[in-house]
Amino acid sequence: MHELPDGTARGFDPRRTGQDTMFVVRKGDALHAWADACPHHGTPMAWRRHAYLNAAGDRIVCSAHGALFEMDTGRCTLGPCLGDTLTRISVVLDAHGDVRLADASRQEASA
Amino acid sequence: MKIVGLDELVFGVDDVAACSRYLVDYGLKDAGGGRYEALDGTAVVLRHKDDPSLPPGLASGSMLRETVHGAADQATLDALESEISSDRKVTREDGVLRCVDDAGFAIAFQVTVRRPIDLPREMSNAPGAAQHRGVNALGVRVDAPVSPRTLSHAVYFVPDVDKLEAFYKRIGFRVTDRMLGAGPFMQPAGTLDHHTIFLIQTPAAMQGIEHFTFHLGGPAELMLAGSRFVEKGYQSFWGPGRHQMGSNWFWYFNSPLGCHVEYDADMDLHDASWQPRSAPMGADSSQVFLLQYREKWAPGGPPPSATTARP
Chain A
36 MHELPDGTAR GFDPRRTGQD TMFVVRKGDA LHAWADACPH HGTPMAWRRH
86 AYLNAAGDRI VCSAHGALFE MDTGRCTLGP CLGDTLTRIS VVLDAHGDVR
136 LADASRQEAS A
Chain B
552 MKIVGLDELV FGVDDVAACS RYLVDYGLKD AGGGRYEALD GTAVVLRHKD
602 DPSLPPGLAS GSMLRETVHG AADQATLDAL ESEISSDRKV TREDGVLRCV
652 DDAGFAIAFQ VTVRRPIDLP REMSNAPGAA QHRGVNALGV RVDAPVSPRT
702 LSHAVYFVPD VDKLEAFYKR IGFRVTDRML GAGPFMQPAG TLDHHTIFLI
752 QTPAAMQGIE HFTFHLGGPA ELMLAGSRFV EKGYQSFWGP GRHQMGSNWF
802 WYFNSPLGCH VEYDADMDLH DASWQPRSAP MGADSSQVFL LQYREKWAPG
852 GPPPSATTAR P
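Chains as they are written, first to last, in our numbering: chain A, 36 to 146; chain B, 552 to 862.
Treat the hints as calculated values from the structure; they're not laboratory data.
Hints should not be assumed to be uniformly reliable.
Only some residues are given here: those of chain B computed to face chain A with a beta carbon under 7 Å [claimed, not checked]:
| # | residue |
| --- | --- |
| 1 | Asp565 |
| 2 | Asp566 |
| 3 | Ala610 |
| 4 | Gly612 |
| 5 | Cys650 |
| 6 | Ser778 |
| 7 | Val781 |
| 8 | Gly784 |
| 9 | Gln786 |
| 10 | Asn805 |
| 11 | Gly809 |
Okay, the calculated beta carbon distance ranges per label pair [as the list claims (entries may be wrong)]:
| # | chain 1 | residue 1 | chain 2 | residue 2 | range |
| --- | --- | --- | --- | --- | --- |
| 12 | A | Thr122 | B | Gly833 | 18 to 28 Å |
| 13 | A | His37 | B | Ser798 | 50 to 60 Å |
| 14 | A | Gln54 | B | Lys720 | 39 to 49 Å |
| 15 | B | Pro754 | A | Thr122 | 15 to 25 Å |
Here a beta-carbon is modelled for each residue, glycine too, at the ideal position from N, C-alpha and C.
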């Protein structure tokens, strides 16, 4: 948790596919994890590794066509997929402040 | 009306620093004043989205604020002004005409700023054909510098493709091919390039720019530039591959400019005798082949089951 300041994001590739498939954003004290797949075409959203947010760090941006999403709800507020939401991925914070995937069938990821 | 191509695309962006870094890593030269130039002086211009000097933005939120077309000469500018001012306001300031097209995009025209460039082509040899690349000359070098040569084309998302096609035909553009379900590839009268604009029909809320691209010197340059861009951490979107319509090699990337950015090379040239083709939009008509980046690898070494130590 301490490695992810408020208003920042980080991508992860827990299944070692060679391409980040999910990312975690921090808004205030809450972490939200999303599948790295824009609801528009299901394609990756960063423009550079870990670059998922706007300049202010208060919106997620899809770098295909500039769509904006709320960090906590994943809802698209501007762009081709207006009204759609990102796919949430369940993560849990353990006692050490590490972030782990809640789904036991996936490989563990920690931040 | 000899428009020769796109001179500039002007963006009003959210994260100027990120976009600046991106365009320099892509290979454009930071020429100062927000201009990021290709070798011939054509450019992408970056401003902050709240910059008051920009034309008003579209309701869709698109960060493209102006498309500047280059004219061959002053006579072309005069003819453009005469034609366009017949039904809308056109301003002329410091030699630049400005107006709004029939989709609401802010557009401008100027005598082209592009400089003549004299650069080699990629030279390949083939059995049966006269030799091109010289003896002892290398076809590829791992450290070869690659720079975008000229602004190639822009693709627009528009709510009424037919209406916008009619507008560009008024100023001398011709349709070279048509992607059914999307729209026309259009060529201005002053170039033989297959297209400098391509229009795609979309709902009004999506209006904006899908991508822009600069021409590179050939397919090897495109593979080198794209691979280096991936290795810097940038996100490949589609490619590398070769399109059917236009034949150009392509490699698209995500970007912080709110649209894709492409490298392209070796686009077809057409004249007035070319008969436009039509094909339904889809994977089969969009490329002849599609490849994917991989990290370098080499075969070799003992099989994993070998138990004897290597000498």
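Structure versus earlier hints, numbers of those that do not hold, lowest first: 3, 5, 6, 7
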